[in-house]
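K.L.:
Chains as they are written, first to last, in this note's numbering: chain A, 1 to 249; chain B, 250 to 657; chain C, 658 to 1453; chain D, 1454 to 1527.
Quick caveat, the hints were computed from the structure, so don't treat them as lab data. Just so you know, these numbers come straight off a predicted model, no measurement behind them. Backbone N, C-alpha and C define an ideal beta-carbon position, used for all residues, glycine too. Don't take every hint at face value.
[Stated by the list, open to error] Calculated cross-link-like contacts (lysine-lysine; reagent style DSSO-like; alpha-carbon spacing at most 30 Å):
{"hint": "1", "chain 1": "C", "residue 1": "LYS1265", "chain 2": "A", "residue 2": "LYS141"}
{"hint": "2", "chain 1": "A", "residue 1": "LYS171", "chain 2": "C", "residue 2": "LYS1265"}
{"hint": "3", "chain 1": "C", "residue 1": "LYS1449", "chain 2": "C", "residue 2": "LYS1388"}
{"hint": "4", "chain 1": "A", "residue 1": "LYS21", "chain 2": "C", "residue 2": "LYS742"}
{"hint": "5", "chain 1": "C", "residue 1": "LYS1449", "chain 2": "A", "residue 2": "LYS58"}
{"hint": "6", "chain 1": "A", "residue 1": "LYS137", "chain 2": "C", "residue 2": "LYS730"}
{"hint": "7", "chain 1": "C", "residue 1": "LYS1265", "chain 2": "C", "residue 2": "LYS1251"}
{"hint": "8", "chain 1": "C", "residue 1": "LYS1084", "chain 2": "C", "residue 2": "LYS1288"}
{"hint": "9", "chain 1": "B", "residue 1": "LYS332", "chain 2": "A", "residue 2": "LYS47"}
{"hint": "10", "chain 1": "B", "residue 1": "LYS291", "chain 2": "A", "residue 2": "LYS243"}
{"hint": "11", "chain 1": "A", "residue 1": "LYS141", "chain 2": "B", "residue 2": "LYS291"}
{"hint": "12", "chain 1": "A", "residue 1": "LYS141", "chain 2": "C", "residue 2": "LYS1375"}
{"hint": "13", "chain 1": "A", "residue 1": "LYS171", "chain 2": "C", "residue 2": "LYS730"}
{"hint": "14", "chain 1": "C", "residue 1": "LYS1251", "chain 2": "A", "residue 2": "LYS58"}
{"hint": "15", "chain 1": "A", "residue 1": "LYS58", "chain 2": "C", "residue 2": "LYS1084"}
{"hint": "16", "chain 1": "A", "residue 1": "LYS141", "chain 2": "C", "residue 2": "LYS742"}
{"hint": "17", "chain 1": "C", "residue 1": "LYS1100", "chain 2": "C", "residue 2": "LYS1064"}
[What the hints assert, rightly or not] Simulated DEER-style distance windows between Cβ atoms:
{"hint": "18", "chain 1": "A", "residue 1": "HIS82", "chain 2": "B", "residue 2": "ALA531", "range": "27 to 33 Å"}
{"hint": "19", "chain 1": "B", "residue 1": "LYS574", "chain 2": "C", "residue 2": "SER1379", "range": "55 to 61 Å"}
{"hint": "20", "chain 1": "C", "residue 1": "SER1379", "chain 2": "B", "residue 2": "MET552", "range": "44 to 50 Å"}
{"hint": "21", "chain 1": "A", "residue 1": "SER216", "chain 2": "D", "residue 2": "ILE1479", "range": "53 to 59 Å"}
{"hint": "22", "chain 1": "B", "residue 1": "LEU655", "chain 2": "D", "residue 2": "ILE1479", "range": "57 to 63 Å"}
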Amino acid sequence: MKTESGDQRIARYGMTIDVDKCTGCGTCAVVCHMENNVPFTVDESDKSRNMAWMRIYKVDNGLDYPHVRVVYFPRPCMQCDHHTPCVSVCPASATNYDGLTGIVDQINTRCIGCRYCMAACPYMVRCFNWWDPVWPKDMEKHLNPDVAPRMRGVVEKCTFCSHRYLKAKDKAHNEGRDYLREDEYVPACVEACPVGAMRFGDLNNPEHAVAQLIQSPRAFRLLENLHTEPKVYYLSSYEWVRKLADNFA
Amino acid sequence: MTSEHTTPKLERCSRQKFLVWLSVWGLLLAWGLYGAFLCLFKGLNQTGMNNYFVFGLWITVDLAIIALGAGAFFSGFLFYILKVDHLKDLIGAAVVIGFICYSGAIGMLTIDIGQPLRGYFSFWHANVHSMLTEVIFCITCYLFVLTIEFTPLILENKRLSEFPLFKYIGENLHGIMAVFALVGTFLSFFHQGSLGGMFGVLFARPFAYRTGVAIWPWTFFLFILSAIASGPALTTLVVWTTQKVTGKQLVRRSTLSKLAKLSATLFFVYLILKAADTVYWANVTAPQMGFAFTRFYQGPYGMELLFLELFVFGLLPAVLLLIPKAREHDFSLVIGCLFICMGIVLNRFVMTVQTLSIPVLPFEKFVAYAPTWQEWAVAAAVLGYGVIVYSLSYRYLHLFPREHELNA
Amino acid sequence: MNVDRRTFVKGMALAGGGALGIMLSPTPWYLIRDLAFWTQNWPWVPAPAPGEPSFEKSICRICDGGCGINVRKVDMRLVRIDGDKEHPVNQGSICPMGAAALQMLYGPSRTKVPLRRVGPRENPEWRPITWAEAIREVALKVRQLRAAGRPHELACITNSAHSTVNQFFERFLHAVGSRNFMQMNSALEAHSTVLALMQGVDEGIAYDIENARYLLSFGCNLLEGWGACGRMYHAHANRSAHEGGNSLEIVQIEPNLSVTASKASRWIPIKPGTDAALALSIAHVLISDGLYDKTFVERHTFGFEDWKDSDGKRRRGFKSEVLGRYSPRSVELITQVPANVIEEVAHEFAANQPALALGGRCDGSLFAGIYELMAIHSLNALAGNLSRPGGIFLQCDVPLKSLSPVKMDEQAEQGFAIPRSDGAGSKEHPLARHLPHNLDAGKVGVLLIHEVNPSYALPNRKVARAIFEDIPYIVSFSSFIDESSMQADLILPISTPLERWDDHTGAPGIPYPIYGLSHPLVNPLYESRNAGDVLIEIARELGGTIAESFPWNNTVEALRERAAGLYESGTGVIHTAEFSATYMSQTATPTEVKSFPTFSDFWNALVKNCCWSDPQCTTDQLEQTLKTPGKKFEFFSQRLQKTFGYSNDLECMPHYHEPPPNPQGFDLLIMPENLITMADNGLGTPPLLIKQLSNDVLSENDLFVQVNPITAMYQGLKDGESVILESPAGKVRVRIHTFAGVREGVVLIPLGFGHTAYDRFLRNKGVNALEIFDAKMDTVSGLAVWWAVPGKIYKV
Amino acid sequence: MLPTTFEFRWDAGHMIFFGVFYAVVIAIFTSLVYVAVKSIIDVYRDMTARNEANASEHPEHPHEATNEAVIAKS
C-alpha cells in the first residue's frame, strides 16, 4: 500500500504456533477447509492424495511408556521468505512471492499442473487436484464466495487466507488508512484456534505479538538447516520438540 | 550444391510382412493411447502418482529418453562441426532416434501435466528463474530443430524428391545443416543440463540438491556429460539391433566400435566426476542440510541402487568398452552399451523418484511408488511409436548411406 | 514432372498465402486462448454465488455444551461458523465439530420429507408422505393405544438437553397418559447422583474451572469433549496466560496418554480402574499430614470422624477408614502409582488451592462405579472447596416461567399411574431419572425417538436391539437418516438447530445460569419442521385434554411465554453485539435486563443475541449447596443407607473395591477412546472431520485400535496387522496400531465409527466400538457402566 | 513471453533468457527463410531454364539440374 508520501510499508506476515498449547483438535484445519473451499472425498484416509491446506501431525518423543509424550504440529504453508523453494521453480509463474506482504500465493488458474513446486517443497504443503472437486448437491451452498474452488489438474496450497488481506486492505483504504491493525487481517485458522495456540501478524512490526514471540528462546522453525526461512514459527519449551523440527540434526 | 550420393533402390521386406510388424507395435501404441486418453479425460488420478510422488514413471522415462536421444545432437555436433566423417554412416539414424526420443518425451510431458491445454502458459507467463522453463523452451525449440534435421532425410525419398521444390528444400537444408547442428547443440547442451539442474537446484530436497557454479548445480554438468555419453551408446544399440532384425550390414563394424569407444570414454569421465560429486555431496552438502548420507537409504530404495548405478551400470560397462577386444565382440559391445543406457535410466530414476521417496519433514515417512497400467501403457506407447517411426524411416528413407555398398 | 511456371507460382502463392493468412489471423491464437479459458471455467467446478455478507448469532447444538456461535451468511447461504467471543460459555472457542456443523446442515444425509416405511425393518423401503398424513398416522397410533387402555405404552427417547422441546415431549406423554419419557444420559449425570448422595441436592454439578489453580483430573478427557468443549478449550487457552493471575495446573491421572494427559502439567499413569484407591490415598495423605480444611470439615461435614448412630452404636468415620486402608504404600500395590508420587500430588493439591478434583472418564460419562466418583468428590470436601471461588457449585435454575400445568383426562390419569418401563425411580433404581439403556421394549407400543440414535449409541446393545425388534411402532423425529431412523416406521424430518426456534438451559458444569435461545438463520431446507410444532399439531389432531395441554400455535409462542420469566426476574444480562461486515470485528456490551423498557425489547435483544446469563447468581452460600438433613457434607451418605438399607457401613462411604477377575482367556482390557473429531453419541460426523483422522486411526474402511508395542509383541502381532478383537459381548475386526502411550495390556478402541446409516462419507467406516462393550448397570445410580471390558486379540 | 503480459517484471534474468531465446529463434527462422527462398529461386530458375529450352524447341531433353531425379527413377 502506498502512503501519502509515496513510500511503501513492507510487511512480512507470519504466524506462531504454540505446540505446547495445541491439542490437535483440528478446528484450524476444519475452518481452513471451510474458508478455502477445500474439497473432500469418500476415502480421506489416503493421505497421499487428499487435499489439506492445513495438516495436523501427531508426533511422539519415541520413548517407552510412561515416558512417551506427544505433541501436535499444525502445518500450514510455511510461507518461506525470500529464498522460497516453490516460487523459483514454477515454470508458469503460477506461484508468487508478494513483496509487500511476504505472502506466497498460488494462482490456480495459471497453474499448468507440472507439480515441480511440490517436488521443491520440503514441507509437503502443496496438494495436487487429482480429481475434480465434487461437493454433494446441497453442500455447495456452504462454499465461501471469496475463494474460487479449484479445478482438477492444478496445485493448491495455503495462502495465509490472502483474500482476507485484500478485503482488510480495501477496508483500510476506504477508511483512509495506509496500515492494517493487528486484528484486522488474520487467517481463518488463527481466528478459529480454540486454545489460542496460534498468533498472526507482521513480523516486521515490533508492536505485533508475533514479532515479540519469535524472539523467544522457545521459538523455532521447521527444517531451519535448509534455509528456506519460513515465516511460520513454532513455540515449545521442550528441547526434544525443538530438535525434532530439524530431524534431530 | 550438388548431391554427392545417389539413391539406389532399397531392398526391403514384403509389404505384408512389414504390415504385420507395424501392427504389433501399433497395438502397443493403441494401448498407450487408450491409457493417455484416460489420463486426459479422467485426470491424473489414473496414475500411481500422488502428493509425494508428484513425478513418477513418466518423468523417469522422459529424462532417460531425452538423455539417450542426445546421440542426435552429439553426433550432429561431431559430424557437422568437428567433421568426424565416419559418423556419416549413421548420422541419419541418430537424427531419427533423437527425433523419436524428443517427440516422445514431449508427448508424454503433455499428458504428465495436469492442465495440458494451459501448457503454453509456461511460454506466455514464463518464469525465467525456473530450470523447467529452460527445459521447456529448449526441448520445444530443439524438437523443431530436429524436425528440420529430419526433413532432408524425408525429402530424399525418391517419390518426394520427384517434386523439385522438395528436392531443393532438402538439398538446401542439408547445405546449411551446420547452422542447425550448432543451434541444436547449444539448445541440447542447455536442456540436458537444465534437466539435471531441475533436481540439483531443489535446495530443500537434500537428496537431490547439489552445489555448483553460478546458477548451475553440478548435476547440470553431470547430466550433459552423461547424456552425450549415453546417446552414442543407444545409437550403437539401435543400429546393431536394426542389423540383426533386417539381417543386413548397415554400417561398418568399425563405426560401431568407434562409437562405443567414444561412449565409454565419455562415460568413464562422467563416472569420475559423478564419484567426486557423490563424495562431496555425501560428506559436505547433505550434512550441512542436517541429513546424514546413510539416512537417505533407509527406505524402499536402498544403498544397492547407488552401487548398481556407480559400478554395475557404471564402471563395469565403461571399462568393458574401453578394452578394444571387447568392442570387437558383438556380445560385449551390446552388453556394454546396454549397461550404459541402463545406468542412465537408473540415474534419472534415482534423481527423480528416489528423491521424492525420502522424507524431509520430520513427521513424514519413507514412501514407495508403484505405477498403474496407464502409466506403463503410455511409456510403452512411446516405445511403440518409436519403433513405428523408425521402421517407416528405415523402410522408406536412406538412413544408412552405406547400406547399398555394404550389402552389394 | 511437368509443372509449368504459372501453376507453380499459383500453388506456392496459395499454400504460402494460406498458411501465412491463418497464422496472421487471430484464429489459432484465439483458439488456444479460449481452450485455456475453458479449463479455467469448467462448468462442472462449482462457482459459489457472491452475495451480501452478514453475521448472525446462534447457539451450537451439536452437543449440550451450549456454546455461542457467530454464523457468517452470504445472502441466505450459511458459509461459516465461528465461536462467539461474547458468549459466557465458550468465549470464542469452538470445537471442530461445531465449526463443521454446516456440513451437517447441507449434508446429503438430511431427512427431507416425511417417510413411511413399507416392507420389513430389516430391508426397508421408504415412501414419501405428506405432513398431514404423517401427523394423522401418529395421532391414530396414539389414539389406538389409548383406546386399548394402554396409554402408558407410549414412550419417548430424546436427547439430554434441557430444552422446551423436550418439555413438550414430556408434556405430550403426560397428557396422553405415560411416564415413559426418557432422556439419554448426559455425561455429568453420575456426578449429580454423587451430589444427591453426599450433599443432598438435586441440581447438576458445576465446577468453577475459570478460577481454579489446580485440576486433579481422574481420567477426565478435559480437552476431548468433557463438559462444554468450547469452555474447556478456553480454560486451556488461559492456563498460563495471566501474569500474576491464576495459572491453571492440570494433573492427569489416566492409564493411557490421552490428549489431556499430554497437555497436562503432569501425567500420572495408573492401573485401569483403580482411581478410587488413588483418590482415597490422596485423602490419606491430606488427613495424615493435616493438609485438609479442618474448619470446613469440622463444621460442615458428617461422618469424617468416628460417630455414634441413634442406637448409640459406634461407627467408623471416613478418617479412620482412609487412614486404615489407603496408605500410599498399600495403594501403590493397587494402583501401581509410586507412593512418593501420591504424596507429592496430595501436597501439591493442598498447596495450590483452590484446587478441584474431577472424575468421570472420557467425556465424563464413564466411571467404574458411584463410589469412585464419591471418593474423588470427597477430596473437594477435604479441601473445603464447596461454594468457594475455584470450587464446586451447583447449576443454577434459569428463572424461566414454567408452562401451564398439563391437563389430563381419565385415561391419561390411569396410564400415568403405571410405573415407568425403564425402571428409573423404581425400587431397584430409586436414584435414577432416565434409564433408556434399561428400557423394557416389551412394554412399549409406540416409541417416539427425538434427535437421538439409540440403535447406534445405547451402551446396552441387547436393549438397543430389542427396541427395534420388539416395539411395534417407532416414529423417528430426526434431521438425519441415522441408524434409528432406518429402523423406524415413520421418519419425520426435523429442522436442524440452525433452521429452527429452540432453546437450551444450563450449560454443563457452569456455575451460573445461562439461557440460550436460537432462531432460524435460514428457512428450513426441504420440508423439515420444528419438532415442537409437530407435537402441537399431533396434539391438536388428538383433541381433548391433549390439545388443551398445547395451547400454543407454535413453539415460538411457548418460548416467548417462558422467556417472560427472565424479563420479570429483572436479573442478568444480554451481550448485545454489533457486527461490522468484515471478519473478526464485533463489539459487544453487556446490557442489563433491567434496562430494557418493555418485554418486547428484551425479547428482540434475546433473539438477536441468543443468550441470557446471570454471572452474579451462583450458589456461593453453603446452605445452598448442602441440603442433607443435617445441612452437612456427608462422607457417610445417610441417604444411601436409607434408600438401599445397606447394613455395611462401607457401602455408604467412598471406597475402592477390587473388580472381579477377567473371564478365562480374556487377558487384555479394552477401553474406549474419545476422539474430538468423531461424534460418538450416534450423531453424524461431517466429512471435513473425517479428513482430520490420521491414517493410523482409519485406513480405507479399517479402524485401528491402539496397543502398546510390548502388548503387540506378546500377542505376536505387528503394527498394522488385521486382528479380531473379542470381548465376552462380541467381536469386531480391526487393525492394530502400536503406540507407546497405551498402557501394557490395554487395547484402546475409538468411538464414533461403524455407522451403517448417514452419508457415503461416514457409512461403513470402521466398527462401532459399543458392539463389544458389555455395559453393566451401576448398582446405585442405575447408569450404564462401560469404561472397560475384558478382551482378547488375535490374528484374523 | 512478451513484455506486455500481465505481471511481467523485467530483470537481468529476463534479458539474458529471452535474449538467448530470441537469438535462437531468429537463427532458426532466418535459416529456414533462407532455405525456402533459395529453394524457390532454384525451382524458378529450373523452370525458366526449361521454358527457355522449350522455347528453343528441345522439349524432351531434360535439364542438367534434374539429372538426379532421372537417375533415381531409373
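K.L.:
Compare the structure with each hint and give your call.
P.N.:
Here is what the structure says about each hint:
1. A C-alpha spacing of about 23 Å is found between LYS1265/C and LYS141/A, which places the hinted pair at or below 30 Å, so the restraint holds.
2. About 26 Å separates the Cα atoms of LYS171/A and LYS1265/C, which keeps this hinted pair within 30 Å; it holds.
3. Of the pairs offered as hints, the one joining LYS1449/C and LYS1388/C holds, with about 9 Å between alpha carbons and a cut-off of 30 Å not exceeded.
4. At roughly 19 Å between alpha-carbon atoms, LYS21/A and LYS742/C fall within 30 Å of each other, so this suggested pair holds.
5. Distance check on the hinted pair: LYS1449/C and LYS58/A sit about 28 Å apart at the alpha-carbon level, within 30 Å; holds.
6. The hinted pair formed by LYS137/A and LYS730/C meets the criterion: a straight-line CA distance of about 19 Å does not exceed 30 Å.
7. Between LYS1265/C and LYS1251/C, the direct Cα distance comes to roughly 17 Å. Compliance with the 30 Å bound is thereby established for this hinted pair.
8. Between LYS1084/C and LYS1288/C the alpha-carbon distance is near 26 Å, which keeps this suggested pair within the 30 Å criterion.
9. At most 30 Å may separate the alpha-carbon atoms for a hinted pair to count; LYS332/B and LYS47/A exceed this at roughly 56 Å.
10. Between LYS291/B and LYS243/A, the direct Cα distance comes to roughly 43 Å. Violation of the 30 Å bound is thereby established for this hinted pair.
11. Proximity of LYS141/A to LYS291/B is assessed by CA-CA distance (about 26 Å); at most 30 Å being required, the pair is judged to hold.
12. Note on LYS141/A and LYS1375/C: the hinted pairing is violated, with a Cα-Cα distance of about 45 Å set against a maximum of 30 Å.
13. For the given pair, LYS171/A sits about 19 Å from LYS730/C by alpha-carbon distance, which is consistent with the 30 Å threshold.
14. Taking the CA atoms of LYS1251/C and LYS58/A, the gap is about 50 Å. The hint is violated against a cut of 30 Å.
15. Under the criterion of a C-alpha separation no larger than 30 Å, the hint pairing LYS58/A with LYS1084/C is inconsistent with the structure, at around 49 Å.
16. The hinted pair formed by LYS141/A and LYS742/C meets the criterion: a straight-line CA distance of about 25 Å does not exceed 30 Å.
17. Proximity of LYS1100/C to LYS1064/C is assessed by CA-CA distance (about 24 Å); at most 30 Å being required, the pair is judged to hold.
18. As the Cβ distance of HIS82/A to ALA531/B is approximately 28 Å, the hint placing it in 27 to 33 Å holds.
19. A C-beta distance of roughly 59 Å is found between LYS574/B and SER1379/C, which places it inside the suggested range of 55 to 61 Å.
20. Checked against the given bound of 44 to 50 Å, the beta carbons of SER1379/C and MET552/B, roughly 32 Å apart, lie outside it.
21. The given range of 53 to 59 Å is respected by SER216/A and ILE1479/D, whose C-beta atoms sit roughly 58 Å from each other.
22. Between LEU655/B and ILE1479/D the C-beta distance comes to about 41 Å, which lies outside the given range of 57 to 63 Å.
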